[in-house]
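Enquirer: Residue numbers (this note's numbering), protein chains in the order written: chain R, 1 to 72; chain E, 101 to 172; chain S, 201 to 272; chain U, 301 to 372; chain W, 401 to 472; chain F, 501 to 572.
Think of the hints as simulated: they come from the structure by calculation, not from any bench. No residue lacks a Cβ here, since even glycine has one placed at the ideal position from N, Cα and C. There's no promise every hint is true.
DSBU-like mimics (lysine-lysine), calculated; alpha carbons at most 35 Å apart, straight line [claimed, not checked]:
{"hint": "1", "chain 1": "S", "residue 1": "Lys269", "chain 2": "W", "residue 2": "Lys424"}
{"hint": "2", "chain 1": "E", "residue 1": "Lys171", "chain 2": "E", "residue 2": "Lys124"}
{"hint": "3", "chain 1": "U", "residue 1": "Lys339", "chain 2": "E", "residue 2": "Lys139"}
{"hint": "4", "chain 1": "E", "residue 1": "Lys171", "chain 2": "U", "residue 2": "Lys369"}
{"hint": "5", "chain 1": "W", "residue 1": "Lys424", "chain 2": "F", "residue 2": "Lys524"}
{"hint": "6", "chain 1": "W", "residue 1": "Lys439", "chain 2": "F", "residue 2": "Lys569"}
Over the 10 Å line for every Cβ pair with chain W, so calculated as not near, a few chain F residues [claimed, not checked]:
{"hint": "7", "residue": "Pro511"}
{"hint": "8", "residue": "Thr537"}
{"hint": "9", "residue": "Gln563"}
Chain U regions said to be covered by chain E (calculated; three or more residues, Cβ under 8 Å) [to be verified]:
{"hint": "10", "region": "309 to 316"}
{"hint": "11", "region": "355 to 368"}
Protein chains: 6
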Amino acid sequence: MATTELETGLPSVRQMQTLIRESKEVELKLITNDLLTGKMSWQDQYCVCLVDHYDQPTVVWRQAIVYMKPKM
Amino acid sequence: MATTELETGLPSVRQMQTLIRESKEVELKLITNDLLTGKMSWQDQYCVCLVDHYDQPTVVWRQAIVYMKPKM
Amino acid sequence: MATTELETGLPSVRQMQTLIRESKEVELKLITNDLLTGKMSWQDQYCVCLVDHYDQPTVVWRQAIVYMKPKM
Amino acid sequence: MATTELETGLPSVRQMQTLIRESKEVELKLITNDLLTGKMSWQDQYCVCLVDHYDQPTVVWRQAIVYMKPKM
Amino acid sequence: MATTELETGLPSVRQMQTLIRESKEVELKLITNDLLTGKMSWQDQYCVCLVDHYDQPTVVWRQAIVYMKPKM
Amino acid sequence: MATTELETGLPSVRQMQTLIRESKEVELKLITNDLLTGKMSWQDQYCVCLVDHYDQPTVVWRQAIVYMKPKM
Chain R
1 MATTELETGL
11 PSVRQMQTLI
21 RESKEVELKL
31 ITNDLLTGKM
41 SWQDQYCVCL
51 VDHYDQPTVV
61 WRQAIVYMKP
71 KM
Chain E
101 MATTELETGL
111 PSVRQMQTLI
121 RESKEVELKL
131 ITNDLLTGKM
141 SWQDQYCVCL
151 VDHYDQPTVV
161 WRQAIVYMKP
171 KM
Chain S
201 MATTELETGL
211 PSVRQMQTLI
221 RESKEVELKL
231 ITNDLLTGKM
241 SWQDQYCVCL
251 VDHYDQPTVV
261 WRQAIVYMKP
271 KM
Chain U
301 MATTELETGL
311 PSVRQMQTLI
321 RESKEVELKL
331 ITNDLLTGKM
341 SWQDQYCVCL
351 VDHYDQPTVV
361 WRQAIVYMKP
371 KM
Chain W
401 MATTELETGL
411 PSVRQMQTLI
421 RESKEVELKL
431 ITNDLLTGKM
441 SWQDQYCVCL
451 VDHYDQPTVV
461 WRQAIVYMKP
471 KM
Chain F
501 MATTELETGL
511 PSVRQMQTLI
521 RESKEVELKL
531 ITNDLLTGKM
541 SWQDQYCVCL
551 VDHYDQPTVV
561 WRQAIVYMKP
571 KM
């Protein structure tokens, strides 16, 4: 856990900010092969938070993310 | 093991502190696909500790965490 | 997330830039054993973005990439 | 391999020191899903050493540890 | 992506340079359990490139390499 | 690839040096679940080299090592 800032100038970080602001649904594929679906509610340097249809939050560690797809 | 501080200003770290303070039950999904359930008792830069129904502690390495869900 | 620059002098980064500029199709093998196919649209320090035949973008975390093959 | 010190102030490191001093048995779950049992004999920044019932040592890389449970 | 140099003094880096210069065939075992065979054509800090019998290049991320064997 | 030294003062590094000097046989368990057996011939910051019964070397990336057992 190095003391660092979230690099808001990077495309990947900015795209997440847009998804949070617009409450868009995304699919997150994880290294365990789980596929989570929900709306992004926040991100920090270590985690992102996904809220599902029942409003339950799941805090996902970035280290475990394989890919992210905005839902069509 | 770089000498570092736990970044208490981050949402993910603060949320864990709240879970510890309130003795809330959580589910932790690990990269081995194990799903642990218990109450968070402490966190540091490398590990979090989960206590199960029999009061047995499990020290989980952060590097192995995929996601965390507060139990409803 | 250390504050860093994309090292544009490295062969691997330059090759990706060429693939983006020339809209070449690539195959990305991921640690989940998924094999994604598409055109590279951007890269930053943490992610690359792949656009498939239906123009749907997938943001792939570099940490999850195993290998990349330009499609013949 | 950055030049670093073992952070003896951290709960997770201190707990391991206690386990070593008291020759307590632990279970170590590894990312390969192996479950090793033994007594901790030393730790450094990169590894911990576990000694089994036949006094055979196993050097485990920290990067491969998922969780640790003191045996009851 | 920290700004770093390829450490050409290390045995593992030097051995790769020799394999590249001598166009030797190698086997690369990857974390997905894939076993790639080919000639090394270049290396940088993040990737190595392997060229197969049909002259098709595969860019392999170092983070995904488990072991390398020179072919006998 | 940060410019770093092999930390020869650490137990895990020293133990490897002893294994190399004494040509002891070891078992290396890897994250792919492979179990390699051989004599250690060298180590650097990123890799260790194992030589098997037919004198064939295998360069193993440290990032892929789970545990090491000296053969009895």
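Enquirer: Report holds if the minimum CB distance from Pro511(F) to chain W is greater than 10 Å, and violated otherwise.
Expert: holds, 22 Å
Enquirer: Check the hint pairing Lys439(W) with Lys569(F) against an upper bound of 35 Å on the C-alpha distance.
Expert: With a Cα-Cα distance of about 32 Å, the restraint between Lys439(W) and Lys569(F) holds, given a limit of 35 Å.
Enquirer: For Thr537(F), which was marked as not at the interface, is the minimum beta-carbon distance to chain W over 10 Å?
Expert: Fine: 13 Å to the nearest Cβ keeps Thr537(F) off the interface.
Enquirer: Taking only the CA atoms, is the gap from Lys339(U) to Lys139(E) under or equal to 35 Å?
Expert: Status holds; Cα separation ~26 Å.
Enquirer: Can you confirm whether the C-alpha distance between Lys424(W) and Lys524(F) stays at or below 35 Å?
Expert: Roughly 29 Å separates the two Cα atoms, so the pair holds.
Enquirer: Regarding the pair Lys171(E) and Lys369(U), is the alpha-carbon distance no greater than 35 Å?
Expert: Judged against 35 Å, a Cα distance of about 22 Å means the pair holds.
Enquirer: If you draw a straight line from the CA of Lys269(S) to the CA of Lys424(W), is it 35 Å or shorter?
Expert: holds, 21 Å
Enquirer: Three residues or more, CB to CB closer than 8 Å: is that satisfied between the region 355 to 368 of chain U and chain E?
Expert: holds (count 6)
Enquirer: Checking one constraint from the list: CA of Lys171(E) to CA of Lys124(E), max 35 Å. Satisfied?
Expert: holds, 8 Å
Enquirer: Can we confirm that no CB of chain W comes within 10 Å of the CB of Gln563(F)?
Expert: Given that some Cβ of chain W is not farther than 10 Å from that of Gln563(F), nearest at about 7 Å, it is violated.
Enquirer: Has the region 309 to 316 of chain U got at least three residues whose CB is nearer than 8 Å to a CB belonging to chain E?
Expert: holds (count 5)
Checked against the numbered hints above, the structure breaks only hint 9 and satisfies the rest.
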